[in-house]
Amino acid sequence: MSNAAKVIENHQNLMQSTSGTIASIGLEKAGQKVAGVLVTPAVWALNYSTKGSTPDGIDIGLYATGFAGALASVAAIGTGILKAVIDDDIDEKLKQVMSYEDPKYRTFIKPCYRYGMSAPQINAMTIASKGGTAWLHQNGLWVYITDINNKLVMDFKPKTAVQIYQPKQPLIRDNQGLLKWKTVR
Amino acid sequence: MLRLLIFPLVLSACISTTNQANDFDLVCHYFEALEKSPQQISLSHKERNQFIVKKINQNLDPQSDAKIAWEAISRAVSEQRYELFKSGAESVLKNKWECKAMKRLANVTGVFE
Numbered sequence: 022m023s024n025a026a027k028v029i030e031n032h033q034n035l036m037q038s039t040s041g042t043i044a045s046i047g048l049e050k051a052g053q054k055v056a057g058v059l060v061t062p063a064v065w066a067l068n069y070s071t072k073g074s075t076p077d078g079i080d081i082g083l084y085a086t087g088f089a090g091a092l093a094s095v096a097a098i099g100t101g102i103l104k105a106v107i108d109d110d111i112d113e114k115l116k117q118v119m120s121y122e123d124p125k126y127r128t129f130i131k132p133c134y135r136y137g138m139s140a141p142q143i144n145a146m147t148i149a150s151k152g153g154t155a156w157l158h159q160n161g162l163w164v165y166i167t168d169i170n171n172k173l174v175m176d177f178k179p180k181t182a183v184q185i186y187q188p189k190q191p192l193i194r195d196n197q198g199l200l201k202w203k204t205v206r
Numbered sequence: 118m119l120r121l122l123i124f125p126l127v128l129s130a131c132i133s134t135t136n137q138a139n140d141f142d143l144v145c146h147y148f149e150a151l152e153k154s155p156q157q158i159s160l161s162h163k164e165r166n167q168f169i170v171k172k173i174n175q176n177l178d179p180q181s182d183a184k185i186a187w188e189a190i191s192r193a194v195s196e197q198r199y200e201l202f203k204s205g206a207e208s209v210l211k212n213k214w215e216c217k218a219m220k221r222l223a224n225v226t227g228v229f230e
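Chains as they are written, first to last, in this note's numbering: chain S, 22 to 206; chain D, 118 to 230.
Don't take each hint at face value.
[As the list claims (entries may be wrong)] Think about it this way: if two alpha-carbon atoms lie no more than 27 Å apart in a straight line, the pair counts; the simulated BS3-like pairs of lysine-lysine are:
hint : chain 1 : residue 1 : chain 2 : residue 2
1    : D       : K211      : S       : K114
2    : D       : K163      : D       : K211
3    : D       : K220      : S       : K180
4    : S       : K203      : S       : K131
5    : S       : K178      : D       : K203
6    : S       : K131      : D       : K153
7    : D       : K217      : S       : K203
8    : S       : K116      : S       : K131
9    : S       : K180      : S       : K114
10   : S       : K114      : S       : K131
11   : D       : K220      : S       : K189
12   : D       : K220      : S       : K151
13   : S       : K203      : D       : K220
14   : D       : K203      : D       : K172
15   : S       : K203      : D       : K203
What the hints contain is simulated information worked out from the structure, not anything from laboratory work.
Starting from the given sequences, assemble the full structure and let the hints guide the process.
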């Protein structure tokens, strides 16, 4: 699976929970459920987010017709556009997370989805086992924090979080250098 | 013009979550196998984990979310492991997920006691 496609797949929940953007397009009639993944052409997402327009009958017909015969190269463009929409959405949510934290820490907060290729929550677990603090903000975004040298911070206390993953104190390290960790709340 | 762009479908995103679903279920099957193993009661946390990790390494893709999740969760505090894995599985699968064998054994299977 391409990186962009995996990002899209891993952020399906986030996309669908985004009020005013993708979730509101009218996926129940617009999307196509294919092998468990709801797929909507990026252009609809863009149209909706920029103009508020939902796909009309002709669009849906073309979508259904084109579904079988779409060229992979063209699909890749669509995937890229949709990934850009997701990136924008994540950046917007990241700004919200930053706004809750002390200004001196804000620039060091990063979304977990950019940490690795797994789902954000699983990246958050990996971060905690490597000595970092990752937390789920109430807007649904998993984030983590580094210091100025890009090193993970083990004992950061976010001002607002639904859930926090971080190493358990006192630190216990295994023979691979990974740490015992826990969910704080 | 926009209608022409309708054709660019996000085919790559169509790639199913089935593999991931299978991977989380496979990890569950490894716990079921562990539970059926006669000597599992006498094994240590680490030895039980080695049983699971060996099967994961043999069968799952290195990039598998289930594999990466268990690598991290096997280092989590014992009493939280099952709920963490369940939560991670559900975040990937977008569906309820459970594993009775893992629920019984995850708190005694891991890198740390």
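message: Hints numbered earlier in the text: which of these fail when held up against the supplied structure?
response: 2, 3 and 6
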